[in-house]
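Participant: Each chain is listed here by its residues.
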Amino acid sequence: MRLCLRFLRKLGSLDAHEPTQSPWNAVVLSRVRHLHLRARVLTDALMMGDHRSRRVGQAIEFADYQEYTPGMDLRHLDWRVMGRSDRLVVRRFETETELPTSVVVDLSGDMSTGDRAEGGFPSLEGSKAGYAITLAATLLYFLHRHGEPVGLEVIAGETPFRTLPPRSHRNHLQQAFLALAAAKPGGVAGLQAALVRAGSHTRRRSWVAVFSDGMEEPAHWLPALGAFARRRVDLSFVHLFDEQELSLDYSQPSVFFSPEGGAELAVDPAAARAEFAKVVAEYVGEVRDGVVRWGGRYLRASSRDPLEGVLRKLIVGGPLSSNVTMGARGEV
Amino acid sequence: MSLSFLAPLAAALSVLLVLPVLAHFARQTPRDRRSFGAMMLLQRVVKRLRRRRRVKDPFLLLLRLLAVAAVIAAVMGPDWIYSGSAPEFGGSGRVVIVVDKSLSMGLADGGRTLAQQAREKAIAVVEALPAETKVGLVLYGDEAEVITPTMEADPERVLAALKDLEAGYGGSNLRGALLAARRLLAGVPGEVLVFTDEAGTEMVAAAKPEIQQLLEGDNTVLPQVVHAEPPRNVAVVGATYGEGMEGGQVRMTVANYGTAPIEVACEVTLPDGQVIPVFAAVGAQAEVEKAVTVPPEARGGVGRAWCDDPDLPMDDSRYFHLPRVGASRVLVVDGDPGDTPIRSEVYFLERALAPWGGVREGLRPDVTTPLGLSNLDPDTHRVVFLANLADPRAFGPRLTEFVRKGGNLVISLGDNVTAERYNAALSQVLPAPFRKVRDLAAPGEPGVPLTLPDTDHKLFSAFSRGGRSSFSKVRAQRVMTLEPYDESEDVHTLLEFEGGVPALVERKVGNGRVLIWTSTFDLGWSNLPLQAMFMPMVQRMVSYLGGEAGGGGIRENAFVGELAAVALPDVGLEPQVMGPDSQPVRSRVDAGKVLFIPEKPGAYTVQVEGSPPLASVAVNTRIEESDVRRSSSIAGVEREIRPDLFARRVDLSPYLYWAALVFFTVQAMVSLRRTA
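Protein chains in written order, with our numbering: chain A, 682 to 1013; chain B, -14 to 661.
No lab work stands behind these hints: they were computed from the structure.
Predicted model, so just to flag it, every value in this text is computed and none were measured.
Take every hint as true, because none was put in to throw you off.
Going by beta-carbon spacing under 7 Å, a handful of chain B positions derived as facing chain A:
no., residue
1, R18
2, R29
3, L34
Glycine included, C-beta positions come from ideal geometry on N, C-alpha and C.
Using the sequences provided together with the hints, build the complete structure.
Facilitator: Written out as structure tokens, the structure is:
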């Protein structure tokens, strides 16, 4: 933790590109610490029972033997075999590949509904934006601990860093944490353009996890997922929602308005609830089908769902499943 | 029941009903503002909901609509008009009491007859009348009986008449009673109280015109019905002796007008006092017929069929005529005892009248020589056969008198008969004088056949179903011809041979008839006895002369309370009518008929002092009076004629105001609860 703080202090002398808010904010620092702590705890829970050590840059899995030919690296010569049989053979190993991962977080105005924390930041619990931030931070931390290069792309919102390309070094993770901790949701997502932009600078054969409520016309932004498909990117779309919103669980008639602006609507929730449930079902189906159609993986998560379970679903069966190991506890 | 609005213009207020509806459709702008992250979805919902705007809180709207509607209805002043009971009694100052004393009012209910109940009610009403009230009284059975010629202020006379009131045997002339009541009122409006059981199917319907007249005269007809519930009565509604002169059964019909099946003990009493018990089980509102076999010998007269019914004993008896049964009523005078059976008319006649010796059916005639005619008793024998009698001159006057008094004579001819002797002795009863014996065919030839008879005639009606053609097989070689005669009301040719020679000729004389068969009843002149039609024709001949067309004692039927008329055989007689209790009954003679009105059922006789009865009259009650069920009511008829008299009106406004208050209160409570 001290290392993290030292890094943050050092970070203050750097020139952040288009910072929207100074990261030297006590509240932001507190959120970074809190976010880091949550990410570590959750990652530990995910990795419970995993005792294998990590060796960066070395292949560790033996594959087979090959007859030595001049020019081969003598370090891989098996001396024991030569001593027993006078044969020169070279040991071959399976090479581990790294998986660059980008996390795309939607912090548009619609994600801001729910609880608020100090300083106008979204609460890390009880809001879609906070849930998305925590989920992104944990996933980044988890992957970083596995030595994977991680990147961050924030859609809308107010944040000191809009885009962080995938990197493996430690400071890079800290920059991502700072960006997430300092982020405030706002503005219009513009999902279609944002996804196209994110897809354009994503490395081929990488993994992209999108955390969004997708609250724009699906027919408009779903085709943008094609940008990822064309680059053979493994796409996981985590569809976030707020239970109270999608069940229209309000007792009194109210004037509803969107944080992103637009017309206000006076609605009696009791009268509209049944019809709203039908609309939600249609909408969720439309998004799920669209994501699957473009080769992505669809996960739906409520801002009240336990993070560990969602992460487990996200990792298991995804592109990480062959590269990382996880503890047995907390299987969903 | 109907609802009429007194203020139709107030219906314009009904537009107020729109207000709650509009209020519930109107949408208030909510005060709360709420940030919502799924506005895109909410907009989709609102688009759909705009297509079908729903009423908010339909229960509250219903309550408010009811409240407003109740106020509007109350302002309009609605009346509830329904058909109530008969108009109430009192207030006119002129009251005519009409009391039914017909037979059906004798029905006992609760230990008292309906007539007694009606009497007590009527007395109570009269005694309760205000002092200045004028009152009249009409009693009715078959006829209306006006007790008070005018309306009287003193009710003593009315009360005195009522205290003696009992049910009679008569019918129910309600129409006549109401007519009498209307005349008593003499055009001044008043009230007519009718104490009756409304029994029967015709009484009230027949009185409808008179009820209408009374109502149109601003009078009030107030039925005071007394009846037994449920109605019950067992009555003998029919009793007849079986068809035919000799032998047979008495058939009695027992009716049950009650609503439950019943078993009753009945009996048939013959004129000579013999009593034959019979048991009848009758279903609810049904009739049953019971047959009683009459003993081999019974005296003629009026018998009685009776059933035990304590509810209404006055109609338990029904009287019927019974002819003399058992003793032979046919006398055959054998004028030519043949040496062989086939040459004897009596041989064939006896077998034709009693084919099995009279054991099973038929009759055994008394056979006598001509000397037997000297003791001819018209009360004993109704039919006399003169079979080939040689010389009737010694008995001519007696036979003539016998026929005049209702006896019947059948003359068959033969070799013994000579025209002169018969013409001399029986010229007053023969259809035409005999002329001479004539051969219709030469010896050895089959003879002349009969023509077919007219089956419309009573004598041959039985042959309409078969056997008519067998008449053509009768062939005669010889006949006794008659002097030419004209067909008239009294003289008929019933059969003739081909060629027009008369074969059977009838003449009506006084109360009797004479039949002449111009050939023989044996095989001397014809083959008649060998034909299939011989036996039934002879039996029909006896039945025709003695049982149906024949006279004998005059038998008449009459009803209690109605004029009975008995035609006299001789206008010079001064007969007397004797009642069932052997007491003289008031009667008069008019145009050859004895006229009297029987006051109770039973056997009545018309007789001249010192001689056998000229006629017997069975007097019964009308069976309509036995039917004690009510099929229509006076009130119902009044309701048809003047429904306004029965209209009852209730002002609904206060109730509607109360209902509106309740609805307003409830809706306020519901509204407060919803708001909270």
